[in-house]
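Participant: Each chain, written out:
Protein chains: 2
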Amino acid sequence: MTYCVAMALQDGLLFASDSRTNAGVDHIATFRKMHVFETAGERLVVLLSAGNLATTQSVISLLRSRCGGDGASLLTVPTMYAAAELVGQAVREVIARDSGGEMTQGVDFSCSILLGGQIHGEAPRLFNVYAAGNFIEATEDTPYFQIGEAKYGKPIIDRVVRHDTALKEALKCTLISFDSTIRSNLSVGLPVDVLSYRRDSYAPAKPYRVTEHDPYFNSIRQRWGAGLRQVFSELDDAGWFEQ
Amino acid sequence: MTYCVAMALQDGLLFASDSRTNAGVDHIATFRKMHVFETAGERLVVLLSAGNLATTQSVISLLRSRCGGDGASLLTVPTMYAAAELVGQAVREVIARDSGGEMTQGVDFSCSILLGGQIHGEAPRLFNVYAAGNFIEATEDTPYFQIGEAKYGKPIIDRVVRHDTALKEALKCTLISFDSTIRSNLSVGLPVDVLSYRRDSYAPAKPYRVTEHDPYFNSIRQRWGAGLRQVFSELDDAGWFEQ
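Chains as they are written, first to last, in this note's numbering: chain A, 1 to 243; chain B, 1 to 243.
Derived from the structure by calculation, the hints contain no laboratory data. Using N, Cα and C, we set each Cβ at its ideal position, and we do this for glycine too. Honestly, I wouldn't trust all of these hints.
Simulated restraints on C-beta separations [stated by the list, open to error]:
id : chain 1 : residue 1 : chain 2 : residue 2 : range
1  : A       : Phe-241   : B       : Ala-226   : 39 to 45 Å
2  : A       : Ala-96    : B       : Lys-168   : 28 to 34 Å
3  : A       : Asp-26    : B       : Tyr-81    : 28 to 34 Å
4  : A       : Phe-31    : B       : Gln-105   : 35 to 41 Å
5  : B       : Ala-226   : A       : Ser-219   : 42 to 48 Å
6  : A       : Asp-141   : B       : Gly-106   : 46 to 52 Å
7  : A       : Asp-164   : B       : Ala-226   : 15 to 21 Å
8  : B       : Lys-168   : A       : Asp-98    : 19 to 25 Å
9  : B       : Glu-93    : A       : Ser-219   : 51 to 57 Å
All chains, full assembly: derive it from the sequences and hints.
Facilitator: Below you can see the structure in the form of structure tokens.
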């Protein structure tokens, strides 16, 4: 499985993805699920992928291979909307190809992709591209998307993140969301790749990889856990609790 | 959907279940999912049910109707293990009956049942009965089970509950787990039925219903949310965060 989160906030974009893939519990591997396409000073396009690894790798390979050619690519499309159309088209293409054979019974070829970025001339935008190739866009009311094992880490995001949440705060919240997910689900694992992008900066992407030895991550994990237990211990007992 | 939790702790048993059922978002209703079978002074048997409502209601009806008869029933079986066998058999019987027709295409008849209690002569025990009628039992290492929409509310239980957690603490944790689930998932809703049972008490069951107007629940919801935000705000920002 996988866990990815992306947020489109007032100050910019935040992306985070784990790196564990598994086909059964005895075939676990590490794959980066964050993919960056950029032209410094002009555009940043980031994809986070979940679902069938053969599908998502092929989609990324196709999108990369097209960047050098004459046709539309993630490095040439004029808008993020057009980028989402390209990604959706690549998803449809790969799934149609792979599901066309005779040995496909029972295989789930589907994938989900979070696509965010900024192309000069428009604001940062974030899309959730489905396996059908269609997509939805984040708005001020719903500024974040999750794909993969999303449920464990959703409550903390629902409590903290709004459109005007600062990027640094959103990053903390995202790391706590990953901590909760990793604790409760074996199929999501470190390292976690994190990338933040400040609106209108068009700065070169500097993804940061959070490993199990990361002092900051370990510090907030520990302090968050201790803080929760502290808050918990200060809650009153129920007056109606009789047994 | 549904969310139910049951715990088998050193001091006794704790049960909690929401009461929302839905068939699509436009057919939402309230049904109690906690069912008590008891003989004061001798036994308490509690079922929490999730899954197809027709299946779970039939299972409970069959189990109730058998309590007056000559055969084995939840009021006569000598052990909780035998109670789990009875429940498993009833589940198989109902699913076999309902899935036998011709109009069943696409219907999921499955259900999950948490079964806990104490019968004089043995310790309190807790089982998770699957749709196949088989079951697993909680142990000191894994003292709790969840059924239904379990993921949102799992992290807080994983952080707090151990076999030696006091019942009052487990109750607080369970209510917070429900709060997180209800906030993140529309298919789980109040009221929540709660029942605690102190080991060897054989006291009459007094389920408590937590409604949206419950002052205690609203107080810990509010204080938990505020406490989380406080802990969160005190966490350091990442030193490596550049944007």
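Participant: Using the C-beta atoms of Ala-226 of chain B and Ser-219 of chain A, is the stated range 42 to 48 Å upheld?
Facilitator: Distance hint for Ala-226 of chain B, Ser-219 of chain A is violated at roughly 23 Å.
Participant: Please check whether Lys-168 of chain B and Asp-98 of chain A have a Cβ separation lying inside 19 to 25 Å.
Facilitator: Between Lys-168 of chain B and Asp-98 of chain A, where Cβ atoms are some 54 Å apart, the hint is violated.
Participant: If I claimed the Cβ atoms of Phe-241 of chain A and Ala-226 of chain B lie 39 to 45 Å apart, would that claim hold in this structure?
Facilitator: At 22 Å between Cβs, range violated.
Participant: Should the hint that Asp-141 of chain A and Gly-106 of chain B are 46 to 52 Å apart at their CB atoms be regarded as holding?
Facilitator: Cβ of Asp-141 of chain A to Cβ of Gly-106 of chain B: about 34 Å, so the range 46 to 52 Å is violated.
Participant: Please check whether Asp-26 of chain A and Tyr-81 of chain B have a Cβ separation lying inside 28 to 34 Å.
Facilitator: Distance hint for Asp-26 of chain A, Tyr-81 of chain B holds at roughly 32 Å.
Participant: Is 15 to 21 Å respected by the C-beta to C-beta distance linking Asp-164 of chain A and Ala-226 of chain B?
Facilitator: 19 Å, holds
Participant: Okay, Phe-31 of chain A versus Gln-105 of chain B on CB: inside 35 to 41 Å?
Facilitator: 38 Å, holds
Participant: Has the hinted range 28 to 34 Å been met by the Cβ atoms of Ala-96 of chain A and Lys-168 of chain B?
Facilitator: 57 Å, violated
Participant: Hint says 51 to 57 Å; check whether the CB-CB distance for Glu-93 of chain B and Ser-219 of chain A agrees.
Facilitator: 55 Å, holds
Violated hints, listed in ascending order, are 1, 2, 5, 6 and 8; each of the other numbered hints is respected by the structure.
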